[in-house]
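Visitor: All chains should be built: construct the whole structure from the sequences, respecting the hints.
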Amino acid sequence: MVNLLNLAWLIPLFPFLAFLAVPLFTHRDRKLSHSVVIGGIAVAFVLSQIVFWVAVTHHSELPFESTVVHWLSAGVERFTLGVYIDPAATIMIFMVPLVCMMIFIYSVGYMNFGTDEVDPRYSRFFCYLSLFATGMLGMIVFNNLLTFFIFWEIMGTCSYLLIGFWYEKKYPDPDKITPKGAGLKAFIVTKIGDLFFMLGLALLYAEVDSLAYKDIFNPDTLEHLAHTPFLGTTMATAVAFLLFGGTVGKSAQFPLHVWLPDAMEGPTPVSALIHAATMVSAGVFLVVRMFPILQHIDPSVLALGGIPFVALIGTFTAIFSSIMAVAQDDIKGVLAYSTISQLGYMVAALGIGAYVAGAFHLITHAFFKALLFLSSGSVIHGVEHGHHHAHAHGDHHDEHEEEHEEGEWFNPNDMMNMGGLLKRMPRTATAFIAGGLALSGLPVITAGFWSKDEILAQAWTMNKAVFWTLAVAAGLTAFYTARQLCLTFLGEPRTEAAKHAPESVPSMTVPLLILAVFAICLGWVGIPEGLTGGVIPNWFHHFVGSTIEAHGHEAEHVIRVAGHLSEAVHEFDWTPMLIGTAFGLGGLLLGWLVYGWKPMKAGEMDRVEAGMRKVGLGWLHKAMRNRFYFDDLYDLLFVRTSIGIANLFDLFDYGQPIKQDDGTLVERHGVIDGLINLFGRVGRGLAQISDWFDSKIVDGLVNLIGNAGKLSSQGLDVFDLKVVDGVVNGVGSVVREGGNALRPIQSGRVQNYLLMASMTLVGLIVAFFLIISR
Amino acid sequence: MVPLEWYLVLAAALFCIGTYGVLARRNAVAVLMGVELMLNAVNINLVAFWRYLEPGGATGQAFALFVYAVAAAEAAVGLALIIALWRTRDTVVLEDVDLLQG
Numbered sequence: 000m001v002n003l004l005n006l007a008w009l010i011p012l013f014p015f016l017a018f019l020a021v022p023l024f025t026h027r028d029r030k031l032s033h034s035v036v037i038g039g040i041a042v043a044f045v046l047s048q049i050v051f052w053v054a055v056t057h058h059s060e061l062p063f064e065s066t067v068v069h070w071l072s073a074g075v076e077r078f079t080l081g082v083y084i085d086p087a088a089t090i091m092i093f094m095v096p097l098v099c100m101m102i103f104i105y106s107v108g109y110m111n112f113g114t115d116e117v118d119p120r121y122s123r124f125f126c127y128l129s130l131f132a133t134g135m136l137g138m139i140v141f142n143n144l145l146t147f148f149i150f151w152e153i154m155g156t157c158s159y160l161l162i163g164f165w166y167e168k169k170y171p172d173p174d175k176i177t178p179k180g181a182g183l184k185a186f187i188v189t190k191i192g193d194l195f196f197m198l199g200l201a202l203l204y205a206e207v208d209s210l211a212y213k214d215i216f217n218p219d220t221l222e223h224l225a226h227t228p229f230l231g232t233t234m235a236t237a238v239a240f241l242l243f244g245g246t247v248g249k250s251a252q253f254p255l256h257v258w259l260p261d262a263m264e265g266p267t268p269v270s271a272l273i274h275a276a277t278m279v280s281a282g283v284f285l286v287v288r289m290f291p292i293l294q295h296i297d298p299s300v301l302a303l304g305g306i307p308f309v310a311l312i313g314t315f316t317a318i319f320s321s322i323m324a325v326a327q328d329d330i331k332g333v334l335a336y337s338t339i340s341q342l343g344y345m346v347a348a349l350g351i352g353a354y355v356a357g358a359f360h361l362i363t364h365a366f367f368k369a370l371l372f373l374s375s376g377s378v379i380h381g382v383e384h385g386h387h388h389a390h391a392h393g394d395h396h397d398e399h400e401e402e403h404e405e406g407e408w409f410n411p412n413d414m415m416n417m418g419g420l421l422k423r424m425p426r427t428a429t430a431f432i433a434g435g436l437a438l439s440g441l442p443v444i445t446a447g448f449w450s451k452d453e454i455l456a457q458a459w460t461m462n463k464a465v466f467w468t469l470a471v472a473a474g475l476t477a478f479y480t481a482r483q484l485c486l487t488f489l490g491e492p493r494t495e496a497a498k499h500a501p502e503s504v505p506s507m508t509v510p511l512l513i514l515a516v517f518a519i520c521l522g523w524v525g526i527p528e529g530l531t532g533g534v535i536p537n538w539f540h541h542f543v544g545s546t547i548e549a550h551g552h553e554a555e556h557v558i559r560v561a562g563h564l565s566e567a568v569h570e571f572d573w574t575p576m577l578i579g580t581a582f583g584l585g586g587l588l589l590g591w592l593v594y595g596w597k598p599m600k601a602g603e604m605d606r607v608e609a610g611m612r613k614v615g616l617g618w619l620h621k622a623m624r625n626r627f628y629f630d631d632l633y634d635l636l637f638v639r640t641s642i643g644i645a646n647l648f649d650l651f652d653y654g655q656p657i658k659q660d661d662g663t664l665v666e667r668h669g670v671i672d673g674l675i676n677l678f679g680r681v682g683r684g685l686a687q688i689s690d691w692f693d694s695k696i697v698d699g700l701v702n703l704i705g706n707a708g709k710l711s712s713q714g715l716d717v718f719d720l721k722v723v724d725g726v727v728n729g730v731g732s733v734v735r736e737g738g739n740a741l742r743p744i745q746s747g748r749v750q751n752y753l754l755m756a757s758m759t760l761v762g763l764i765v766a767f768f769l770i771i772s773r
Numbered sequence: 000m001v002p003l004e005w006y007l008v009l010a011a012a013l014f015c016i017g018t019y020g021v022l023a024r025r026n027a028v029a030v031l032m033g034v035e036l037m038l039n040a041v042n043i044n045l046v047a048f049w050r051y052l053e054p055g056g057a058t059g060q061a062f063a064l065f066v067y068a069v070a071a072a073e074a075a076v077g078l079a080l081i082i083a084l085w086r087t088r089d090t091v092v093l094e095d096v097d098l099l100q101g
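From first to last, the protein sequence lines stand for chains A and B. FYI, numbering that gives the first Met the number 0 numbers position 384 of the first sequence as 383, with every residue one higher than the one before it. FYI, numbering that gives the first Met the number 0 numbers position 46 of the second sequence as 45, with every residue one higher than the one before it.
Don't read these hints as lab results, they were simulated from the structure. Possibly wrong hints are sitting among the right ones.
The list that follows gives simulated cross-link-like pairs (lysine to any residue, SDA-like), each with its CA atoms no further than 25 Å apart [said to hold, decoys possible]:
#, chain 1, residue 1, chain 2, residue 2
1, A, 169, B, 68
2, A, 213, A, 3
3, A, 600, A, 624
4, A, 179, B, 83
5, A, 179, B, 90
6, A, 168, B, 37
7, A, 179, B, 78
8, A, 168, B, 91
9, A, 30, A, 166
10, A, 190, B, 68
11, A, 190, B, 86
12, A, 597, A, 581
13, A, 621, A, 581
14, A, 179, B, 63
15, A, 168, A, 389
16, A, 169, B, 32
17, A, 179, B, 32
18, A, 179, A, 257
19, A, 169, B, 85
20, A, 190, B, 69
21, A, 168, B, 70
22, A, 169, A, 213
23, A, 179, B, 29
24, A, 179, A, 329
25, A, 168, B, 86
26, A, 422, A, 489
27, A, 721, A, 705
28, A, 168, B, 90
Guide: Here it is, written out as structure tokens:
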């Protein structure tokens, strides 16, 4: 039975086949393309369910490692490949295909399938989505860090392709980032993290001689890593630090968080899939995977106030980005910052050793954040259509033309342009509210509550500073969620567009409702046993924690967790739960009082902003809205510096004249040109002096001699004219004719030269063989 | 097992396709792609020879990696040239670029 887990091999295969099939065969047929892609993920989903249930029912036999295939050899090194299913991978296998499938189905409606406005690159979109699913699933199921990294990079590429999916889009405001720019930004910023990841892999490989999980998690190896000194610390610390660099990039932790808010330029299903639910959680999953190494680091390295660096980064990111989220007006912007903040939560949890709590929040967050993004996409879609409807006066314009004609660009993402959508889009609103409540951790019923509570409970026992910071972040989360819900759905519509917004098509709303069910109910598998006295078993903790408990004695796959973790769960402490609940409910209530009590009118200034200005904190709100100027700082430090250096090199040699925007060519001269011109001038001056010397003095002498010679040589004139000249002219004309004959060869076209070179080469080779064979 | 000759034939075919692209395509980007094909044909040869003749060492793979690095650099320089060409002359058709004509 447990051998059924071998099916995990096939899970990434079907999305990959779909990815190949779309560009090769089906891309002309939109319906066929999306059917193939959704079919691929559906097969993966069925397989994943089988794997999930087998793994759950045989969890004493986990981690399962399949027959190993030898796939890459370099010299004497051998890399092998197999599947590796442990509880952490199992829950990811449950979550990823399900969320992916919902989002794929949703995309059909979002990309306007079956209407006139269908996206011109519809099939390509599904092709990218499928490749992304391959990356995510492949990353989860295989058994070593090298394939993990490869699939990780595949996802990075998909992220780039999908953020920039509408690459031709331009905004009237030149400071607003375009999809093209956002794609590049995401790619480059995450590459910084990936570089650390890669160095970490190299270091780990150099030390352990293997990248397979079972070799790395071997207790002897871990002990060895923990006691090998390296650059003033231990090898385990260095490896953990470098690998964590990958997480910082991929999961948008401070200081590499800047790419994620801009990634919202991609189509909304992409935001939901990649930049909320799955890909960004890959970074957290890396920490989950590397947890045994994390357990062996020297906790004093880069620590502040007794908090190890992983928890430090996570905690800071959680509070920092939830502050920024309060000041955002873009409906997806709020969610983007909220994602960063929630990822910070998970990282903080893992950093303080709360393995199960971190993994639990990873799963619940994936569901409710995907739900929130998809519903916000549905809202945006509705408002956009409402805008078209409100402005359609008989003639149908292309969306972009219309924007230019109006002269004023309508932003369908701006929550200030919404309001009162509860009546217009009831199904979307229900789903959005379910997701929002889960995010803000509404007690008892929502999934977000249970997972967040578990993190807070762990933080309470480990470190009070972390606990209070996370609790405040939870309060802020509830506040901005309430603000978002009130601004979007309550009150009266603030624009014509919101007044005419239609409910979305069923292919969009049905996935929303399915995800909403998970966003609510999923938390029930992880209710702390201390709370109910064990009436409802904490299934999640038993299953995921079993890696720690059941395999504690076996020599092979031990994942060690700080001893106090299991105690903390059994002795239930009400204090953190009550404080967390107070913060969550307080935030929701405050948000409702500020924004929901009297809904905002059109044109009114944001109330938090108005309030902060009143007490002289307007500058702070502006800083929050402008992301604390981190983007500007990086722009100054890295982008402008690079451009400056490039310009400096450019100064040396401007090759070609530069075409200005108005089409005129401007000649420019750089340092090298200047030097050459200087030499030229000096040479010309010297030449002029020589010229004067030549014409006045030398010529005079020569003429004198010449005249004397002329007189004496007139007799030889005839011989000279006929014979000598004849020879000289003959040589000259032969050269000229020859030159004319050869001139056509010098066409100036590089390809012709290459052709000649190739032909000559072929000729030489033929000649060579003829001579050899003789 | 696939004999060595098959790999060599494949590499030769790929090389010829690449050469054809370099010599006959008018678009500079396509020419660059042709160059990439030629480089990768060489890579196939390197790796195939390594696998069949010297499987103990890592020379063939190391050389293939060098070729990758060179190919990446070449693509970067080539694309920069094409962009410069586009900016100054509004074309990437190589026949229009004959400044060197005698």
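Visitor: Each of the hints needs a verdict: does it hold here or not?
Guide: Here is what the structure says about each hint:
no. : hint             : in the structure
1   : A/169 with B/68  : violated, 35 Å
2   : A/213 with A/3   : holds, 20 Å
3   : A/600 with A/624 : holds, 21 Å
4   : A/179 with B/83  : holds, 20 Å
5   : A/179 with B/90  : holds, 23 Å
6   : A/168 with B/37  : violated, 36 Å
7   : A/179 with B/78  : holds, 18 Å
8   : A/168 with B/91  : holds, 24 Å
9   : A/30 with A/166  : holds, 24 Å
10  : A/190 with B/68  : holds, 18 Å
11  : A/190 with B/86  : violated, 29 Å
12  : A/597 with A/581 : holds, 23 Å
13  : A/621 with A/581 : violated, 29 Å
14  : A/179 with B/63  : violated, 33 Å
15  : A/168 with A/389 : holds, 23 Å
16  : A/169 with B/32  : violated, 29 Å
17  : A/179 with B/32  : holds, 23 Å
18  : A/179 with A/257 : holds, 16 Å
19  : A/169 with B/85  : holds, 21 Å
20  : A/190 with B/69  : holds, 21 Å
21  : A/168 with B/70  : violated, 32 Å
22  : A/169 with A/213 : violated, 49 Å
23  : A/179 with B/29  : holds, 23 Å
24  : A/179 with A/329 : holds, 19 Å
25  : A/168 with B/86  : holds, 21 Å
26  : A/422 with A/489 : holds, 9 Å
27  : A/721 with A/705 : holds, 21 Å
28  : A/168 with B/90  : holds, 24 Å
In summary, the numbered hints that this structure violates are 1, 6, 11, 13, 14, 16, 21 and 22.
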